[in-house]
Amino acid sequence: MELFFAQLLNGCALGALYGLFGIGFGLVFATMGILNAAQGAYASWAAIVAMYAIDLLGLPFPVAVLVGILAGGMVAVLVDQIGFEPLRRFGPGLHQAAMLGALITSIAFWIMLESAAGFATGQQSLAFPPGSYPAAVFHAGPMMLPAMQAITLAGLVVVGGGMHWINTRTRFGAAMRAVGWDPVAAGLGGVNARVIVIATAFLSGGISGFAGILSGISTANVSASLGQGLMLKGFAAVVVGGYDDIRGTAIAGLALGVLEVFCAQYLSSSWRDGFAYALLLGFLMLRPRGLFGSAGFTRA
Amino acid sequence: MLRRTLAALAAAALLATPAFALDAGAYKVGFVTDNTGPLAFAGMSFSRGAELAAAQISAGGYMGIGTKLELVEKEGAGDAARSIQSYNQLIADRSVLATSCCILSPIAGALKPIALNNKVPLVIYGATAPGLPSLPYVYSVTGLPGPAEVAMSKHIAAQAKPQTVAYFVLSDNEAFQARFKASQAAMEAAGAKTVGVVNVLSADTDFTAPATQAIALKPDLMMVYTTQSPAAGIVAAVRARGWTGMMSANDAISPAAVFKKIGPPLAGVPFPVNFSPDASETPKAKGFIEAYTAKHGSAPDLYSAQGYTAIWLIAQGLKSLPGKPTREALATALSKITVLEHDVYGGLPITGGQAETRYTLFLNWTADGKITAWKP
Amino acid sequence: MMDIVEDLWAAYASTLGFAMVNAFFALATYATLSAGILSFGAVTFGAAGGFLGAQMVLHSTVPLPLIFLAAGLAGAVVSLLVAMIFLRLESHWMALASLALVLITRVVVLNTPDLTGGVNGLSIPQPLPLEWLAGLLVVTVGAFYALDRSWYGIAARAVREDTSVATCMGIDPRRIQLIAMGISGFVGGLGGVMMALMLQFVSPDTFFIHVAFTMIAGVVLGGSHHWFGPVLGAAVFTALPTVMQAFIPEMQDIGNGAALLLIMIFLPRGLLDPRAMRLRRARK
Amino acid sequence: MTLLALADVTKSFGGVTAVGGLSFTVRPRHVVGLMGPNGAGKTTIINLISGLLHPDAGTIRLGGQPVTRARPHEIAGGGLARTYQNVRLISGMTALEQVIVGSYLRRGTSLLASILHLPAARAAARATRADAMDLLARVGMADRADTLAETLSYGEQRRIEIARALASQPKLLLLDEPTAGMNAAESAEIGRLVHALRDDGLTVLMVEHNMRLVADFCEHVVVMNFGRKIAEGPPAACIADPAVQEAYFGKQRDAQRHRA
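Residue numbers (my numbering), protein chains in the order written: chain F, 254 to 553; chain X, 84 to 459; chain E, 65 to 348; chain B, 4 to 263.
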């Protein structure tokens, strides 16, 4: 029983990373209709920058994390403005040609950013210097909760809640959704579409970057390929949760993490990812609008 | 007496000077690197070792004064298709006499038939699948896994007498599966029961859950059979969860980069290794470590030693040939080599094209980042 | 002089071979894309063809042409099964589902060692004669050319550009897309066995996500509106790393990415674009 | 004898009734006009008949067969073709190819024959091309056959769209505002074309809100407002109907007042 709860907690902490990353990933997909292959690289770069901010500049931990998040957001804006903006002339967000073009430019950025990250890390897997981050372990009877797991879970709650609030309660959120539906119409409606797009890209990169930093710390692995693992599972969380639904993404991320850990503990670690992706497929087939989306949908 | 001494000296001098010698000039060796891609962390060490070897061979006149060895590097990026293309470009250059390649066994397996078809000597520097070498063209300078793990297992079983063992195994890697099985057999023969096997995958990065799983098995000893990144992550995760019991790992955690990353939690975790800049003490090893540190600014690791050895083997083959050698002649010459002259391991016997390294070093990191001999 | 030609051939024959193999994958992707489906499924169909082909080479004496046929059919069977399940989804979800399929394919390949050799993969001691590869590619490209001119090609373009108009013209989009998936499966299966023979081994990594991205990039780069676009794109995409290695060995990946990016921004419809050609003709 | 029959057809979108309890019939070889001010539900009717939408209640029959739940391509197979209010040609295709798309239902060869480029397939393709050229000639666009359709003028695009609709050899042709954006001369030409088609045996149901054109073109008119039928009969009688006058001019006066 003790093992069960310990693994449940591990699964939640792991899933919180997927959920966090997924929220950033889903933001771009929901707002701009872009399947962004470069999203993982935002996470890698945020972690690399945050690590060097501590290692080389000696910044205190919270400041370094903030610097990393900023870096993730700025890389995202760069990719958006160089790689996606020229393609928006195709028309509204979800046009197939635009989606395809953006997928390809995002692949191009993925290749470049990951390769550059390889140079930045000297092709090594590095880590945050031991002792530079909170390493305390909270004990409650037989249960233990390392500080980084607590921070990750809190991060998901704060970011997820914050984004949900922005999305549903603020003018900015409404503007984001308007741009998602149709940038031209949104422009006519008095929303400066370009500003909204840049802000969305920044948020998306910052959130995925935050996930990258947390993942880099708790797995003691900061490398060019850090983002890739997050990317595949984060993508699954987005689809299962419903790509425009932040609550759904957060819960789906947690569920995927728990599923993954329990599969490895109680079933088979080699089929573990198979379960996660089969769940993803199942959701696509049966509830393509995600956890909280309406089940029915029509072909346009 | 004097005459006999003089005669002996003359004979020694005659033996020391080859009866025939290579023409002066540059002899090209093709080298498929993995300096980008997922294996770049090791790939860069392999090629740095090889570059050092080529520089030393050329500068020192090992194959004759003015006879140089030129390394021609092409990128394989850890990808089979790209490695094959790079390899074909290397051997299409007729002045390339020998080639060296490959960290991954499947890629080595894919290049081997090309080497055989084109009759080009190929010295494999990293991949360790059994059966790769094929005389007279394909050689491997890296010992097959197994003996080292068995030796370490016996050593640990004798020294620490664990009753129960839990294993971490990279389930999607054949070489580590083999190492694990060899070790497990040795441990069980010594009376240490297996209480559980925790499988992880190559692409995994989060080891908190596997660590929790293993700790719950309450073993006397945890043995880690995975590649570098997972091994480092597992040790860190197990220690972070407060488990202080005994752990062992493998040579993947020997590079300095691993300690820089993980730090004190690595202390006291033994690993078997055939080369370590801190523990290898033969004169050739010391020379290599000094020269490498001078050239690259950091100490070599086991990978750079392997890349270095591969090029020295080729040079040794070339040295035994006269005039302008051919690929076929070089292959024949290589097949006659049974002992590597210039090795950093303190003895590198080669049988049937496969080198055997003698793993004699059982080392561990200390809390302040030094490598010392392991004691329980 | 002959020596130079021979050396060049020896150096770049395998690059040419991989370009042709990639052309199969690109054509398989083009087959679905030209009917309005963005699908990464060709990787899965390639795995079906590749592993079946490998097993046939290893454990039977079936001649090579029949192995190609079997691999193509294996791909087609898988693709039709997938199509029956996936074609209910609208385009974006279909793309995501096919991506999930690629991820699952790897897990299945890893865990069925009896069929696929598991992590070790399968070694295939059977070289692929380049003339076979070239011949089959010519035939396949010819078939795509013929299809493009046929009622099917025109109907597929209509479905891709405006499904609602197409369906009011009596075109059943699901039927067209089912055919597209079938073709994609067959050509993908062929590509799979070609890749297996070209590498002389297959493993779970042979058919994974990078292949999916490479081939989509190849198609869009070459031109996703023209039957020859995928072949051109695959050639460019295969040769690019080799060329980059010659000029900027350290930064070759960054160079590849930058080249891809520039082409997409300045030629968003790819190198070969029939619409642009017609527009140019109209302006004259 | 009716070719198309709508009985009590109802369709609403999110609580707003676009079409409510509409019934009318179309007899063969007639030109029937569907009239009504903007927002009356005319295009919804066209979409319901062509199967892009399905009614919430009521039935639609085409040539005696119920097609209420049929999918668009099945209805097209039953002999229906249509054009669009805003011309919808397929991007990247020449004028000739647009028309060949329309002849899909008469393709005449199998897929395998096409892949293998068999003589039968080539012959069928040639025949399709020839027919398509004839149709282009019929709408006066033969000299533009190889031009990218999207580079042509709006009026020319409309004519190509009609040729495309005719290529399937339909029994019933739905024209959704075929003269929108055309000048008087161009409109008259469309009128002559429609009459010629009727004389060849085709039945035409056209949406039009220009009353003069309806009076000139049609033999029978259905007038709608707010999704309901407000008048039906010969054009002159319908236009004179006070309800129709109110629907049209009352609205127009309101609109003018708003603009002022």
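These are calculated hints, taken from the structure and not from any lab test.
Note that beta-carbon positions come from the ideal geometry of N, C-alpha and C, so glycine has one too.
Heads up, some of the hints might be wrong.
With beta-carbon atoms standing in for the labels, derived distance ranges [as the list claims (entries may be wrong)]:
no. : chain 1 : residue 1 : chain 2 : residue 2 : range
1   : F       : Leu256    : B       : Gly18     : 52 to 60 angstroms
2   : E       : Gly206    : B       : Ala10     : 31 to 39 angstroms
3   : B       : Asp219    : E       : Met341    : 24 to 32 angstroms
4   : F       : Leu261    : X       : Thr247    : 23 to 31 angstroms
5   : F       : Val410    : X       : Gly274    : 29 to 37 angstroms
6   : F       : Pro383    : E       : Glu70     : 32 to 40 angstroms
For each hint, the structure was consulted:
no., hint, verdict
1, F/Leu256 / B/Gly18: 52 to 60 angstroms, "54 angstroms, holds"
2, E/Gly206 / B/Ala10: 31 to 39 angstroms, "53 angstroms, violated"
3, B/Asp219 / E/Met341: 24 to 32 angstroms, "43 angstroms, violated"
4, F/Leu261 / X/Thr247: 23 to 31 angstroms, "26 angstroms, holds"
5, F/Val410 / X/Gly274: 29 to 37 angstroms, "50 angstroms, violated"
6, F/Pro383 / E/Glu70: 32 to 40 angstroms, "58 angstroms, violated"
Hint compliance for this structure: hints 2, 3, 5 and 6 are broken, all remaining hints hold.
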